Each structure stands twice: as C-alpha cells, then as structure tokens.
Amino acid sequence: MSSNKFNQEIISKTEKTFFQKLVSEQSFWVSIALLGICFVMFFVEDAFSSKDNLFNITRNFSFIGIMAIGMTFVIITAGIDLSVGSIMGVTGVICGLFLDAQYLPEWYSKAAYFEGVYVWVAIFLALLAGVIVGAVNGYLIAYLKLSPFVVTLGMMAIARSLALVVSNNKMFYEFGPKDEMFYEIGGGSILGVANATWLLILLTIVMGLVLKFTSYGRHVYAVGSNKKAAELSGINTRWIEMSVYMISGLFAAISAVMIVGWMGSVTNALGYTYELRVIAATVIGGANLMGGVGGTFGAFIGAALMETIRNSLLMAGIDPYWQGTFLGLFIVGAVWLEKVKNKKN
Amino acid sequence: MTILSLKNIEKNFGAIQALTGVSFDINEAETVGLMGDNGAGKSTLLKIIAGNFKPSSGEIVFENNEVDFEKPIDARKSGIEVVYQDLALCNHLTAASNVFLGREIQKGVWPFKYLDYPAMFKKSAELFEELKSETRPKDLVMQMSGGQRQAVAIARTRLTDPKLVLMDEPTAAISVRQVAEVLDLIKRLKDQGIAVLLISHRMPDIFEVCEKLVVLRRGEKVCEKKIKDSSTEEATGLITGAIDRI
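Line by line, the protein sequences are chains A and B.
Heads up: the first sequence at position 288 corresponds to 276 in the numbering used here, and the numbers run straight through without jumps.
Heads up: the second sequence at position 155 corresponds to 1129 in the numbering used here, and the numbers run straight through without jumps.
Rather than coming from a laboratory, the hints here were simulated on the basis of the structure.
Incorrect hints may have been included.
[Said to hold, decoys possible] Subject to a maximum C-alpha distance of 20 angstroms in a straight line, what follows is the list of computed EDC-like cross-link-like pairs (lysine to aspartate or glutamate):
no.	chain 1	residue 1	chain 2	residue 2
1	A	200	B	1090
2	A	216	B	1048
3	A	215	B	1060
4	A	329	B	1113
5	A	216	B	1044
Source: prediction; values computed, not measured.
Just chain B, with the same shape it has in the complex:
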C-alpha cells in the first residue's frame, strides 16, 4: 500500500530551479534511499515533505489524502517525523528534555501543571535502550558525542507512532561502530511497519538497508528502481551523470 505519493513536485527559489517534476511513491514499511550529488535537491525535497517549504507546484498525497503542510508541526501531526542533518537539538538541555521538547509529559491541572521528570527519564531511557545507545537521559546534550546526539534525535521520532520517518544524513557525523547501530535502528523501524526516506552520501548505507533507490540529479529524478536490481556502480554513474537516466 502506498503511504506517500509525490506527484510532479517543482520548487524554485527565485531564478533557481531546485526541483523539476519529481514524482515517486513510498510504500508502507518501505525504506527508500534518496541519493544525489550536492545541490541535487535531496534536502529541498525532504524539507517539502516535512513542511518546511511549500512546493511551487505539484501534489503530495499522504495516506490517500492530499496534504498541504504549513509548518513542520503539521507534518508531524499527520505522522511524519524528521531527523534533521544538524539534528536540531538544544545543547543546554538534557537528553530527556530534548527527546520530549514541545511534547513534555505533564502532571496536575492547569494552571498547576508541572513536568513529570521521572516519567520522561524512564521513557527516554527505554527509547535509548531500544536503540542500544549508551546515552543517559540526564546528561546535557552539550557533553555528548556525535553518536549520542544522533540517538537523541532518533529517539525523538519514536515518541509518537509515526508512519514515515525522514532522515537527512543520519550517519554523516558518527563513528563507524555507531553507523551499524543507526542502520540497525532503521531496520527496526521497518520491522515496526514504519516507512523511512533515507538521504545519505554513503552508498553502503543505502545498499544495506533500503529496498528502493531514487536518484536525483540537478533537481530531476533520473532513477527509481529496486535496490536488488541495481548496483553501486550504476548508482555512482547515475549520481555523477555518467549514466544519463534509467
């Protein structure tokens, strides 16, 4: 079943045409790898799906409804979670506070509502354990390694029951050992029926976890095919332009 369907998405910033007629579908529990050179339009496309930008034209259908997100929060309410490239964390807050930022667990009755720290620590510890991360809920994000920050950013998406998780370069800034952990997490999202759109520069990541490959070049889709029918050589050719399109 198709969960997200992009139809002829166009985006221009003034005279710059960032995306031209991009269309593809993401199925339920499907992991799609989005590749392309710098400036190919990957991040722009992700931000359109996440509600950061509006497309200049085209249609986004999510769960059989045409959607028109004004803000990222609208996309999140519909069940689309995002892990941003720069992770969008608050350095001065603890891991748990970051996980729950904007949707804190509260107790009491208004105006005497207060934060339920024990519940938030417990839930975030569970999430980190699920990610097999050594992140501790009470530590400040400021003191954390790249991998731990990644775990915090990913744990945030697991608070709700998202249908689709968008990931922008989740393995860019972390150690090799933790890359494997993040990839495991992506597989686990799939096991739980969550679709993932993964942007990555790292070819091995895409080929390890994804089922479908979409390649963008200069704002146009030049390839959409099953990973098992493709190869890293072909993908490289498509990205660089050595192979025109398939």
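One chain only, chain A, in its complex shape:
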C-alpha cells in the first residue's frame, strides 16, 4: 500500500512544473508574439480586424500550415524536405488535368463526368501522386542512405519539371460540369471560417494526437533523437524515416487540392518557393532541425505568425519587395533562438 502511494508521488513529480514547461516551449512565445501583433494592429489599423481581412489571413496561412504539419514530421526525424513546393505544383497540375478533361481521351470524360465522380478521381490521383513522390524521396533517404538535403533538392527540380511536362505549360481552369463542387471544397467556408482553415485545425489536432499518443509518433521522435538507440530497441527506423516523407508529400498534395479549388485555376508555377515558407513556419513554431523536437501546434502557430506579419507589413504600407527579407530574417532568427535556448540548458 505504502509502495503504491510512493509510486503515485513519484509519477506526479517532474523536473519542471507545468508553467516552466510552457515557458520553455517556443510555440508558447510565438503565440504570445502573435497575440501582441494582433493587439497592436487592432488599434493601429482598423482594416486589420475587419471580418474580411481576418478571413483572408486565416485562409492564407492554412495552405502553408497544412504543408508545415507534414514538414514537422520530417524535421522531427532530423530530415528536411525541400521538394514540398514542387510536389504542390505537380499534384495541383495533376488535379487540374483530371478536372479539365479536354486533354484526356474521350472515354475518360464520358465515364468520369457521370455524377461528378471525376472530381473525386482527380482529388484522389493528386493525393496519390503526392504520396508516391514522397515515397521516392523517403526510399532514397531511408534505404539508400542518401542525404535528405540532396535528395529533396533533386526532387524539387524533378517534380517542378514534371509539373511542366504534365501541364504542357497550359493553365487549367475549366473544371467540368461539377466545378462548383470542387470550388466549394477548397474555397468555401463554414460558420465564417474558410474550409482550408477548418482542415488545418482538424489536421493539427489529429496529427498532434498521432505524435503524442501512438507508438508511431513516439518512434518518429526516437528516430530524430537517437537513431541508433531506436534501432537497438527494435524499431523499424527505415520505415519510419521513409513514411515521414510520404506524409510530407501527402500534405503538400492536400494543400494543393485546396488551393486549386480556392483559386479556380492551376498552372505549373503553383507552390513556387513555398518550401521556404513552409520550412520557416515549421522552424519558427519550434521544430528543431537537429531532430527530436517539434509539434503540429508549432507548425500551425508558425504559419499564422508569418502570414499575420506579412499582412501587417502590407497594411503598414511597407513595400512588398521587403517581404523576402523579413522571411529570411525570421528563419535565421528562429534557429538562433533555438541555439541560445540550448546553451542555457
């Protein structure tokens, strides 16, 4: 009996209190910063807090945020995926190609246009393509032991060129008889919040639970923290490593489908340089490029902060040419912060 009591006491004790833990989380400070900016902008600029502007901001960062969730899994394993922007491009184009069936054989449009099945076919094929491209990345990295940086840099060029090949440098904007349905998925809203934002919230929660409450999630952290230890524990580290790139590819494709639905058209330039913004969001949210640290809420809040700052700068009348400079400064700043924090520990 006394031993039981002893156990309970020990279990409830931790090195840090809840508050100390919270304060040591980068995503907590980013949330504070975000609230601070919103607070200031609320008073400085009336247009900022208008319903339309808030709707735009949340929708805009949702596309980046969804990709950043996939990127979080990759970065936790100490990897990097530079190809997400290009994956978005090629999957978006594939989606457009199968929606705008005029370039495909006639039997396809005859069969698929029936009852709007073609919309789901197009979405499914786009997501499948994302998973396949991710699987190629993952296989080369996990099984052939090539460097993630080089493999995904190569894939960045390959996928972008495939987007050109598939689209034949055409723009797809005729999405067939059920186009309204497709526009609604990506561009619609529920209760005044964009569908993309709802999807981001849903994925943040679901993937957050996966990381925290499944053995798969624990193994993702273990691989990033100490791959050798994970391997000695009998974890299939190669599969874990490969699978995170598949998740990243899938999430880039999900984001592509949503953004194509919202914009109502797609070209092969879709997602160009998005990898920068996605990595920035992930790192600003607290994921550590050295592996073992990160979370989906961080990806969410990192994407939100970047978009809010971008929007605020525009409203403040700062030349948009400066945006890249701010983006770059944020990436470097986030990594520097991490370094300072580690030194303290």
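Since the structure of chain A is provided, determine the placement of chain B on it from the hints.
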C-alpha cells in the same frame, strides 16, 4: 545448468583479428565478469552475443539451441537483454518513453490504438523503485544525471523476463554512491535467476558481484576461473600480460 555456451568464437574485421577461438559457458543465474585491456575484444564479444555482429566462425548455444542472431531484436526475443555502454537512450523522450521504447503499452483496437501513458508511468515508477533510483518517469532523459540514465537503461531490461543480461561498463559514468546501487541491482538480478555478463574496467566491481572471471587479451581467452580462487593481483597480471595465461 548452462544457459549460454560460446564455442570457438572468431571475429575478424578485414585484416584485424578481434577474437580468436574464445570459448566459455555461462550458467543459469551466474554472474560472469569479463575483463581485459582496451582493444582486448570485450565489447566485440558482447556485440556478437547481442546480435549486433555475426561471428566469423564459431558457435553460440543459448538454452541448448544453436542461435544465429541477425539483429539485436532477435537476441532480445530469445531472452538476452543488453545495457549498452553509451546507454542508447533518446534524450528528447521521457524516462518512461525510453523504458518502453519499441514495446509501448497500447490500448484500443487497430487503427485506433493509443498509448496507455498511466500504465507506462506506473510500471516504470515500479521499476525505478525496485532499482532504488530517484528517477522520475515523466522527466526528460536530457535533464538526467549519469546515474539516472543508467537506471533508465537498466530498467528497460527488466520489462521482459530475460534469461541473460549483458552489461557494458555499467559503472563507468556514475557517482560512487550510485555504483553501489548498480552493483546491488546486479545482485538482485542474480537472486531472480537471471545470468549477467558484466564488462567492467573496475576490478572491485567484478570482485564484488561476480562468481566467475574471464579475461581476454588480444582477442584470446587467457583465463576462466572462479572469483573466489582468484585475486585482483592475478587479474591485473592477466590483463597486462605479466601472467601469460592460466
């Protein structure tokens, strides 16, 4: 009863002969101390038993079956647990997560299986208590002292019911007070019928807990005898080569 029997184990890495014809037995619940200078082949031998390397030739018999481990996990499934020198822990995970790494307690039905944290915290707290360690299950390994990390690594081996535990320098990086604790743990493993192969540089450790002494020098076994028939002077002589072999 013999639990592990090594017969003429040889290992070479290219031109380097790491082990030459090493044979000895470990009995049930027996604690065997493996000594030798740096490069004598102690760790190589341990890694062969643990399934990290395959021997170039020779035979390993475990529980009367000839075994041929492809991976460490095969050895573990047969009932051989290892505490590695560098401990093989994940810094960013909690003590409990490390203890259960690769064999987490889960609830629910696939694909809705989720981790049963309360059960894992409880079980690891029990294990730490058994080790009389002050390690707390929810703490990150990153924040821990050498002794606590050791406790986590040792607690892992107690999750299953191993027949043999291999320990590579378990007392190398911890405080004096905790050395006594680790040695107590080794004795407790013996009480529970678990055999231990202990590699250590610290002569007093071996002489306190082990029953049998095996000394390697340049990949060859130069001594195998009961601790009670030996002495630290003799062991030192065997390790350095002042005494050729017994």
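Going down the list of hints, with the structure as the test:
1. A:200 with B:1090: With Cα atoms ~11 angstroms apart, residue 200 of chain A and residue 1090 of chain B stay inside 20 angstroms; holds.
2. A:216 with B:1048: With Cα atoms ~16 angstroms apart, residue 216 of chain A and residue 1048 of chain B stay inside 20 angstroms; holds.
3. A:215 with B:1060: 13 angstroms, holds
4. A:329 with B:1113: Measuring from Cα to Cα gives roughly 18 angstroms; hence the hint holds.
5. A:216 with B:1044: Cα-Cα ~16 angstroms, so holds.
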